[in-house]
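S.K.: Listed here are the chains, written in short residue letters.
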Amino acid sequence: MEKYDVIVAGCGPCGAMAARAAAKAGAKVLAIDRRKELGAPVRCGEGIGLHWMEELGIKMNPKAVSAEINGSLLISPDWTRKVMIKNKETKGFVVDRKVFDKELAIEAGRCGADILVHSEIYDVIREGGKTCGVKALVDGKKQEFRAEAVIAADGGESTVARLAGLNTVASLYDTDFGVEYEMVNVECEDLIEVYFSNADAPRGYVWIFPKGKDVANVGVGIGGLHTPNAKYYLDKWIRAHPERLGKAKTVAIKGGIIPVGAPMTDEAVGEGIIAAGTAAHQVDPIHGGGICLAMEAGKMAGEVAAKNALAKTCDRAHLLEYAEIYKKVRAPKLMKRLKLRKVLEKLSDDDFNAVFAHLDDKDIDNLLKSNFAAVVGKMSRLLLNRPGLLKAMSALL
Amino acid sequence: MIEVNKNLCIYCGACVGVCPVLANRLRETWIEHDPQKCIDCASCVKACPMAAITLHKGKKSL
Numbered sequence: 285m286e287k288y289d290v291i292v293a294g295c296g297p298c299g300a301m302a303a304r305a306a307a308k309a310g311a312k313v314l315a316i317d318r319r320k321e322l323g324a325p326v327r328c329g330e331g332i333g334l335h336w337m338e339e340l341g342i343k344m345n346p347k348a349v350s351a352e353i354n355g356s357l358l359i360s361p362d363w364t365r366k367v368m369i370k371n372k373e374t375k376g377f378v379v380d381r382k383v384f385d386k387e388l389a390i391e392a393g394r395c396g397a398d399i400l401v402h403s404e405i406y407d408v409i410r411e412g413g414k415t416c417g418v419k420a421l422v423d424g425k426k427q428e429f430r431a432e433a434v435i436a437a438d439g440g441e442s443t444v445a446r447l448a449g450l451n452t453v454a455s456l457y458d459t460d461f462g463v464e465y466e467m468v469n470v471e472c473e474d475l476i477e478v479y480f481s482n483a484d485a486p487r488g489y490v491w492i493f494p495k496g497k498d499v500a501n502v503g504v505g506i507g508g509l510h511t512p513n514a515k516y517y518l519d520k521w522i523r524a525h526p527e528r529l530g531k532a533k534t535v536a537i538k539g540g541i542i543p544v545g546a547p548m549t550d551e552a553v554g555e556g557i558i559a560a561g562t563a564a565h566q567v568d569p570i571h572g573g574g575i576c577l578a579m580e581a582g583k584m585a586g587e588v589a590a591k592n593a594l595a596k597t598c599d600r601a602h603l604l605e606y607a608e609i610y611k612k613v614r615a616p617k618l619m620k621r622l623k624l625r626k627v628l629e630k631l632s633d634d635d636f637n638a639v640f641a642h643l644d645d646k647d648i649d650n651l652l653k654s655n656f657a658a659v660v661g662k663m664s665r666l667l668l669n670r671p672g673l674l675k676a677m678s679a680l681l
Numbered sequence: 025m026i027e028v029n030k031n032l033c034i035y036c037g038a039c040v041g042v043c044p045v046l047a048n049r050l051r052e053t054w055i056e057h058d059p060q061k062c063i064d065c066a067s068c069v070k071a072c073p074m075a076a077i078t079l080h081k082g083k084k085s086l
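If you read the sequences in order, they're chains C and F. Take 285 as the starting number for the first sequence in this note's numbering and just add one per residue. Take 25 as the starting number for the second sequence in this note's numbering and just add one per residue.
Pulled out of the complex, with its shape left as it was, chain C reads as follows (with noise of 0.2 Å):
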């Protein structure tokens, strides 16, 4: 049986950096991934922010770019009322995750981090209560491999932390499901395109991500138990407009989970256990976004297990280093982020025409950096004429 310092379950953006990571402080690495290739099948938007490039001290390579993208195009139920928002936030890439994942995962190897795809884990070993290995099928034959700590980092399903015995199980309420198709013959500019309507996608929002030229990823989100399903929704919003999306030819169908509910913090460790990224939750609760945030998490998760893994202080105590700098860092932002989604899932579609004709690009910019109180008293006269609204707002301040 192998013996590793850390041992990461998932190679997806998180796994990969925690790999990265935990390889450069000096720990022995195995990476697993159930996939024979990673970052397939796609199961997201696929849009990324400039910023975070610089903030995780990451290159793009320019292969992994589908397009780049200014701005951001927000669009009110009815149609009527457009915002558009272009700063240094807005600004980044809608990238090909095929092509993304494995760049990253080609930077833990070359970091020194073993890698093992087309290999499940399909149980943890467990020992006195401490998580101390995994096993796997490797290229269809039973394995294990034995480590101080793993980093559970195995996005939407989060089955490791789960025979781990951490709780990670996605309430539906606090879920998001979401389909989108790859599209040729949509007409787009360098912006993500936002729709909001309760109609068309309760408790989410439809997008229009471009992704070079005439193609687009066309995708619907909802939160959780509303029925019938996803697809339903998407079909429905390509169908009711054919002016935009009429000669638009599907060659591509993605989906997946997008856990929304409070990114987890202390929950997310247990002894010799650490979950991080999708599978912890972490997941801006707004717009859904988790492949950056998966990778910042991923960073804290590898460094933190390979110093501790080094030193044999895997317990729990130790590994909680890991949600302290997460609380520091990332958990106040998006907690912010959920108190603002909260508020816009009691919005109907008749509050969101009346909010959106009262606010600008600053305004949004403002909402979205949590400055509630400065837009809300900018809707004062709005919001005395709609009572119900100003229940729902005040729940900002």
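Careful, some of the hints might be misleading.
[Claimed, not checked] Pairs of lysine-lysine, DSS-like flavour, derived with a Cα cap of 25 Å: (1) C:K382 x F:K30; (2) C:K533 x F:K30; (3) C:K617 x C:K372.
[To be verified] Listed next, with one range per pair, are the computed distances between beta-carbon atoms: (4) C:A657 x F:P59: 51 to 61 Å; (5) F:D58 x C:A595: 32 to 42 Å; (6) F:D58 x C:G496: 35 to 45 Å; (7) F:K61 x C:A658: 48 to 58 Å.
Hints listed in this document are in silico derivations from the structure and should not be mistaken for laboratory results. Quick reminder that beta carbons are idealized off the backbone N, C-alpha and C, glycines included.
Mind docking chain F on chain C? Use the hints.
M.R.: Showing chain F alone in chain C's frame:
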């Protein structure tokens, strides 16, 4: 227990993430369901973005 329509399923893993008892396992391109673990809660039926899952309440085999 549940039944997954393999022709509709896009193996996105939604049914795995929401299952409270780990009765669903995503293999490379298919879902493996364990009827013995399943508690008929229908979470996965509601979660499936493709509506590919049917619940057979009370059944432990097809």
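S.K.: Could you run down the list of hints and mark each one as holding or not?
M.R.: Structure-based check of each hint:
no. : hint                       : verdict
1   : C:K382 x F:K30             : holds, 23 Å
2   : C:K533 x F:K30             : holds, 23 Å
3   : C:K617 x C:K372            : holds, 18 Å
4   : C:A657 x F:P59: 51 to 61 Å : holds, 54 Å
5   : F:D58 x C:A595: 32 to 42 Å : holds, 39 Å
6   : F:D58 x C:G496: 35 to 45 Å : holds, 42 Å
7   : F:K61 x C:A658: 48 to 58 Å : holds, 51 Å
Comparing the model with each earlier hint shows no violations; every hint is respected.
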